[in-house]
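**Q** Which chain is which? The protein sequence lines are D and R, in order.
Mind the numbering: the first sequence is residues 0 to 271 in numbering that gives the first Met the number 0, read in order.
Mind the numbering: the second sequence is residues 0 to 271 in numbering that gives the first Met the number 0, read in order.
Worth flagging that the hints you see were computed from the coordinates, not collected in a lab.
Treat the hints with care, as some may be off.
The list treats identical chains as one, so a pair stands whether inside a single copy or across any two.
Unchecked claim - Once the Cα atoms are required to be at most 25 angstroms apart in a straight line, the calculated DMTMM-like pairs of lysine to aspartate or glutamate come out as:
#1 Lys199 / Asp23
#2 Lys76 / Asp36
#3 Lys26 / Glu131
#4 Lys139 / Asp36
#5 Lys69 / Asp163
#6 Lys139 / Asp23
#7 Lys158 / Glu79
#8 Lys177 / Glu150
There are 2 protein chains.
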Amino acid sequence: MTTQQLVSEIHKKKSFLCIGLDVDLNKIPKHLLEEDDPIFSFNKAIIDATHHLAVAYKPNTAFYEAYGIKGWKSLQKTIEYLNKNHPEIFTIADAKRGDIGNTSSMYAHAFFNDLGFDSVTVAPYMGKDSIEPFLAFEDKHTILLALTSNEGAFDFQTKKIGEDETYKTVLKTSKSWKNSENLMYVVGATKAEYFSEIRKIVPDSFLLVPGVGAQGGSLAEVCRYGMNKNIGLLINSSRGVLYASNNLDFAEAAQAEAEKLQLQMEKLMHAV
Amino acid sequence: MTTQQLVSEIHKKKSFLCIGLDVDLNKIPKHLLEEDDPIFSFNKAIIDATHHLAVAYKPNTAFYEAYGIKGWKSLQKTIEYLNKNHPEIFTIADAKRGDIGNTSSMYAHAFFNDLGFDSVTVAPYMGKDSIEPFLAFEDKHTILLALTSNEGAFDFQTKKIGEDETYKTVLKTSKSWKNSENLMYVVGATKAEYFSEIRKIVPDSFLLVPGVGAQGGSLAEVCRYGMNKNIGLLINSSRGVLYASNNLDFAEAAQAEAEKLQLQMEKLMHAV
Numbered sequence: 000m001t002t003q004q005l006v007s008e009i010h011k012k013k014s015f016l017c018i019g020l021d022v023d024l025n026k027i028p029k030h031l032l033e034e035d036d037p038i039f040s041f042n043k044a045i046i047d048a049t050h051h052l053a054v055a056y057k058p059n060t061a062f063y064e065a066y067g068i069k070g071w072k073s074l075q076k077t078i079e080y081l082n083k084n085h086p087e088i089f090t091i092a093d094a095k096r097g098d099i100g101n102t103s104s105m106y107a108h109a110f111f112n113d114l115g116f117d118s119v120t121v122a123p124y125m126g127k128d129s130i131e132p133f134l135a136f137e138d139k140h141t142i143l144l145a146l147t148s149n150e151g152a153f154d155f156q157t158k159k160i161g162e163d164e165t166y167k168t169v170l171k172t173s174k175s176w177k178n179s180e181n182l183m184y185v186v187g188a189t190k191a192e193y194f195s196e197i198r199k200i201v202p203d204s205f206l207l208v209p210g211v212g213a214q215g216g217s218l219a220e221v222c223r224y225g226m227n228k229n230i231g232l233l234i235n236s237s238r239g240v241l242y243a244s245n246n247l248d249f250a251e252a253a254q255a256e257a258e259k260l261q262l263q264m265e266k267l268m269h270a271v
Numbered sequence: 000m001t002t003q004q005l006v007s008e009i010h011k012k013k014s015f016l017c018i019g020l021d022v023d024l025n026k027i028p029k030h031l032l033e034e035d036d037p038i039f040s041f042n043k044a045i046i047d048a049t050h051h052l053a054v055a056y057k058p059n060t061a062f063y064e065a066y067g068i069k070g071w072k073s074l075q076k077t078i079e080y081l082n083k084n085h086p087e088i089f090t091i092a093d094a095k096r097g098d099i100g101n102t103s104s105m106y107a108h109a110f111f112n113d114l115g116f117d118s119v120t121v122a123p124y125m126g127k128d129s130i131e132p133f134l135a136f137e138d139k140h141t142i143l144l145a146l147t148s149n150e151g152a153f154d155f156q157t158k159k160i161g162e163d164e165t166y167k168t169v170l171k172t173s174k175s176w177k178n179s180e181n182l183m184y185v186v187g188a189t190k191a192e193y194f195s196e197i198r199k200i201v202p203d204s205f206l207l208v209p210g211v212g213a214q215g216g217s218l219a220e221v222c223r224y225g226m227n228k229n230i231g232l233l234i235n236s237s238r239g240v241l242y243a244s245n246n247l248d249f250a251e252a253a254q255a256e257a258e259k260l261q262l263q264m265e266k267l268m269h270a271v
C-alpha cells in the first residue's frame with residue numbers, strides 16, 4: 000500500500016484508528032475457547048465489527064509466538080483474512096525486529112512477502128544496515144521505534160547523545176538511510192509534549208502511536224502536537240477495544256469502543 | 000541450565016564454541032532439498048557431526064520465520080532434538096526481541112517455556128521493563144545486545160551518552176535490573192579492542208561473540224581481552240562451519256571446521 004492510499008482511507012473513514020490485535024486467551028470470551036482456532040475466531044469477529052471504523056490493524060507477534068505453531072497459524076489466517084476481505088486496510092506486523100543485514104533481509108521477506116503485511120515495526124539499536132534491508136521493499140513501510148510508551152523509554156531513549164536525546168538522534172540519523180521515505184516511527188502517546196519536538200525533525204512522516212487508553216495517553220494532546228497536513232498519525236488501541244466486554248456481546252462492545260474513538264478522531268480532524 | 004553447568008561443559012569439551020544454525024536453503028547441499036524437512040535434516044546432520052566439539056547452538060529465528068509455519072516447525076524440531084539428545088548443550092534463540100512488559104512476558108514464555116530454549120537474545124532500546132520479564136525465569140539466560148558486529152553498530156552504540164558510549168551505558172544500566180545475574184551480553188568480535196573496556200564493567204558475565212570468521216574477527220584477540228576465570232565467552236560461528244562444503248560430505252566438512260576452532264580454543268584456554 001502506498002502512503003497516499005493510506006491517507007485517502009483516513010479521509011474516507013474520518014478515522015486514523017489502528018486496532019492492536021494482541022489476543023490473550025485468558026481475556027477473550029470463554030465460549031470462543033471451544034472453537035478450532037479461538038485466536039482467529041476472535042480476530043475475525045473484531046475485524047468484522049470494526050473494519051469500517053479503523054484504517055489499520057496491528058497484531059503484535061509476541062501474542063502469536065507464545066502459542067507456537069498454532070499461534071503462527073492464527074497470525075497467518077488473520078493477515079490472509081484482512082488482505083482478502085479488506086485490502087484497503089493498512090496492516091502492521093508489530094514485531095520489533097532488527098539484525099545484521101542478511102538476517103534482516105530474512106525478516107523482511109517473512110513479514111512483507113511470506114505473510115504479506117504492509118509494514119513491520121523494527122528496533123534501531125543495530126543501526127543502518129539492520130534497517131535498510133526492510134526499506135528496500137517498494138510500497139512497504141518500516142516503522143522504527145523512536146520514543147516508546149513504556150517506563151523503560153527513560154533508560155536510554157531520552158538520554159542525551161551529545162546535544163540530542165537518543166530518540167532524536169535515531170530520528171535524524173534514520174533520515175539519511177537509503178529509501179528513508181519508507182520509514183514511519185513509533186512514538187508513545189504517554190509523552191504528548193515530545194510530539195512538537197519530533198515534528199520538527201520528521202514533519203511529514205507517519206507516526207504510529209501506542210499508549211492511548213490503557214497506557215494513559217491523551218488523544219487530543221497527541222493530535223494537537225503530532226498531526227500534520229496528511230493527518231500523519233495512526234493511533235493504536237488494543238485492550239480498550241478488544242476487551243470492552245468478555246461476554247457474547249464482545250464484538251458489539253468492541254465496535255462501540257472503536258466508534259467512540261472514531262468520532263473523537265473525526266472531530267479532531269475537523270479542528271485542523 | 001545453570002551458568003555453572005555451562006562452565007563445566009566448557010572445561011569438559013575444552014571448547015567454548017557456539018554454532019549458529021542459520022540455515023539458508025540456497026546454500027545447503029541440493030540433495031537435502033528432496034527431504035521432507037530440509038532445514039531440520041541439515042541441522043540434525045550438523046548437530047550429529049559437531050555436538051562433541053561445541054557447547055552451544057544458536058538458531059537465528061529470522062532464518063526460520065522466513066519459511067513461515069514450515070520454518071517454525073523446523074525450529075521446533077531442532078530445539079526438541081537438541082533438548083532430547085543433548086541436554087548438556089546450551090541453546091540460544093537468537094531472536095533479538097524486546098517489547099513493553101506484558102508483551103515481553105509473552106516472548107519469554109514462547110522461547111523459554113513453549114520452545115524450551117536455555118536463553119534468548121534481546122534488544123535494549125526499550126529499557127528495563129522490556130527485559131525484566133525475561134530475567135524472571137530461573138536457570139534461563141537473557142542475552143542483551145551491547146556492541147554488535149555490524150557496521151550499523153557505529154550509528155548509535157558507540158555514540159556517547161554523557162561520559163560513556165551507549166553500549167557502556169547499556170551494560171552499566173542493565174546491572175541494576177532485577178535478576179541481572181541472569182544476563183549475558185552480545186559483543187561483536189570485530190571490535191576486539193573494546194573487550195577490555197567491557198570487562199571493566201561486566202567482569203563475570205558471559206559474552207556471546209558473533210563475528211569470528213565470515214565477519215572477520217580474530218579469536219585470539221577476543222580471548223586476550225575478553226576471557227575471564229570462567230572462560231566467560233561463547234564464540235559463535237555460523238557460515239564458516241555450516242557451509243564448509245555443499246556436497247555430500249557437508250557434515251564431515253563442518254566437523255573439520257568445528258574441530259579446527261575447538262583446537263584453537265583448547266590452546267587459548269591453556270594460555271589463561
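**Q** Give me the numbers of the hints this structure contradicts, sorted from smallest to largest.
**A** The structure conflicts with hints 1, 4, 5, 7, although it agrees with all the remaining ones.
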